[in-house]
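Chain order of the listed sequences is E and P.
Going left to right, the first sequence walks through residues 1 to 422 as this note's numbering numbers them.
Going left to right, the second sequence walks through residues 1 to 431 as this note's numbering numbers them.
Just so you know, these hints were derived from the structure itself, not from any lab.
Note that the coordinates shown come from a computational prediction; the quantities given were computed from them, not determined experimentally.
Just so it is clear, CB atoms sit at the ideal spot from N, CA and C, and this is done for glycine as well.
Mixed in with the good hints there might be a few duds.
[To be verified] Distance windows between CB atoms, simulated: (1) W390/P / R283/E: 28 to 38 angstroms; (2) A20/E / P380/P: 53 to 63 angstroms; (3) L295/P / D277/E: 49 to 59 angstroms; (4) Y39/P / P340/E: 52 to 62 angstroms; (5) D277/E / L33/P: 28 to 38 angstroms; (6) V28/P / E401/E: 30 to 40 angstroms; (7) L321/P / E401/E: 20 to 30 angstroms; (8) L405/P / A387/E: 50 to 60 angstroms; (9) D277/E / K417/P: 51 to 61 angstroms; (10) D318/P / S377/E: 18 to 28 angstroms; (11) E401/E / Y36/P: 25 to 35 angstroms; (12) Y39/P / R283/E: 26 to 36 angstroms.
[To be verified] So, partial list: chain P residues that the calculated Cβ filter (under 7 angstroms) puts toward chain E: (13) R125; (14) V228; (15) P387.
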Amino acid sequence: MDGTDSTIGGPGPGDPDWEAWADAVLEGTDFDPELGKAMARDAVRVNEGDLARSTFYDRYHEVVQDEFGVDRRPADDLVEPSETGDDHDSTDAPLPHVPDTGATDEEPENRTRRTVLKTMAGTAAAAAALPGCLSADGPGSAFVGDSEDAIAASQTSEDPSDVQLGMVIDLERCHGALDCMEACKRENNTAVGVHWNYVFRYAEDGEGKADRYMPRPCQHCSRPTCTYVCPTEARHKRESDGIVLTDYDQCVGCRYCQVSCPYGVNFFGWGEPSDPDGFDYAREDKNGDRVAGNPPGGVMGKCTFCVQRQDSGDPNLEGTTACAEACPWNTISFGNLNDPEDDPQQHLKEKEGSHTFHLLESVGNDPSIIYVGFEPSINAESGESTATTFDELGFVDYRREVLDDRTPKRKVGNETETDSHD
Amino acid sequence: MTEPSTEEVLAPLRNTTWKFGVLMSVLVVYTGLFLYAWYLQLQHGLVVTGLGDWGPGGGIPWGLYIGTFVWWVGIAHGGIAISAAVRVFKVERFDAIARIAEVLTVIALMMAAANIVFDLGRPDRLFNTLEMLPSTLYHSPLAWDITVITLYLVLSVTYLILSLRSELHALRDRLPGYLQPLYSFVLLGYRPAEDEKVDRMLWWLAIAILGLVPLLSGGVVPWLFGLVGAQPGWFGAAAGPTMLMESLASAVAMVFIVTAVFRYVYDWTFIDEDVFMGLAKVLGFLSLAVMWFLLQEVLPGLYAAPTQSQEVTHALLDAPLYWVAVIGINVGMLYLFLGIIRPRFFNIPAAVVASVLITGGIWTKKVLFVVDGLLHPTFPPLTNLYPSGWYVPSLVEVTIAGGSLVIAALLFAIATKLIPMVEIDAQEVDE
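With the rest of the complex left out, here is chain E (with noise of 0.2 angstroms):
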């Protein structure tokens, strides 16, 4: 905004002959004056995306009150457009939605619930509703409608409280090293051919080689198709951060999450692992869950943000993930994608001109992933990599094949182990 457009037709705040003509048009009015020019160039702060709304909000309550009795001002301006959701047309739903993860919910924590709760927010017509929220048969058809700003508020609002956590992906510093991928296997003890984070290698129409690459953890979906399909709730997406998680005793291992997810996230212990004490962490989350590394037998798994580390208590743990750390081109930033000074947001910032998407956009499930580069096209191949290939760090790729021994698996050798890589 360059200020002129201003709504009463003079010149802008960053204009030099705004301070004599706002003096002029508040003289004839009963008010301070020096509210009115305060309250202007703050507000062409907050447009410019310099001041938060809520701050703006709670800078003025009281003197505004003070001065005109009420403020008018609607607390609902709160709410900021998320990054991604502007492109959600918001006023044609074809289909009534469930409100998600809602901001307003003034529910406790309270894991088996929540998603429910939050998914209902108390509305008799869930039924009815439901079916919009989980097909996904065209192009945002699904998630579109009146909980946009409920979305948006749970993703942009400063209030600490609405934490996500998220992942800035840099596709334009991936170097296909797969770091990441074995800094997962190692940290999380997940089995063979199970790839929590999972990079794609593949290459564009015409290259031959596949020379791009994409990381692919868990979403962590802000409308997690899998949380809502499961049986049990025990795929939850934790309140206080946003972590989507497995409780690992409540599951029935049904793989309804596993069918449902677009992205091919869901690991399942098809067999009892192949190394039960290979993790290192505590298995409960800090709400007495467990829920961390890699699954039992018979139970889905996942990415999980290294939900161990956040809930560690220790300082130089929390806030980052294994496979973040690993990587040598701090191509993935972890953190609260609502917190501007996090890393995500910095990482964003420092990457001001290049492009952004969330992976199946389409689909609807508002991820947590923000990717920086371009999305694959519909014509990517995988490929063999030509930077680290899998064979190199004695990883399985396609885990049917291992599968397909039907041999229970007690130690078919550690993939970690066969490390070759640093």
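Following the hints, position chain P against chain E.
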């Protein structure tokens, strides 16, 4: 229909032939095999199946068990629907097969539930789903399934027990002594004056059951798949009606098969050809509806459909098993119509084969429906980068899923030794 004599109906309860012994032995031997296969799966986990991780793992998380589950849910409809129709619409022609149909429903529902249990990674935690039901009911299609199937089972069992009471009371002296405790239990608190009221209750139960049919096979079961957007083959506006028709067709086919077996084994000629002809007509038209819906699926999937839908449709048409299913259904259907138009070509054994082709074809189609959707996921670019998956059920898996069929037969055989398999009006009990 010729009236069955009480003696004829009670014969299976009183006498056990060596043939029955042979049948039981075969069933029990296979059940042992089944138990061993299930033991292997419980011990080692689902790794002993042909299933795998969807996505970069290149596998199919759901397969034979889920397909078989859907098929059994379908079978469950036919039975009770026929029985309810007898009661509500007074279709007296089917009187003689109402009880067989009811028992089939109860057994089929149990087998449907069993296949879900086979599919779970942690069947020991099955009750977690019930414990969480009050909240999952708001959002999980699987919770809806559990609810409606449980409701259906409760209604069917109640219906069966209520319809037995006056009859068991009248026949009690003529039934084997060692079963008396069971009958005392079923007849708990029985007073002859209740008959009229029970009749009214049965009528209302029948209405409720008929109402649940479209909600189950044409509702929550297709929704289990259709609401999950990640698999294009699972979504379709006609998915509900399609599945309902398939369910009803395979159910009527199954009723036909079971009834024919009873007539043959016990020489129950009072279930005359008219009954079978009636069933054949219903089955013929239901099969026609199945083919009509199949056309609805295939043509729009081939003609300028979105790429992913086309891929699924082509893959389906390329699968030899799909054609086995389609040709089977068609051959069965054509024979039934031939028999309807020219009754001299109609005979029960041939119609049983036709029924097997139809219900077997539908079973195959259901398994392919589950698998094909997962093999051809939507959403490029990501899915283009996955390895293309494949799925071949393992021997263990086939033994377990097939086991549900054998156990159903076993339960049926046991049922014939517990209750009269044809409803006898308590007023008309003859000596």
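Open item on the list: Need the list of violated hint numbers for this structure, in ascending order.
Closed with: Hints that this structure does not satisfy do not exist here, as all of them hold.
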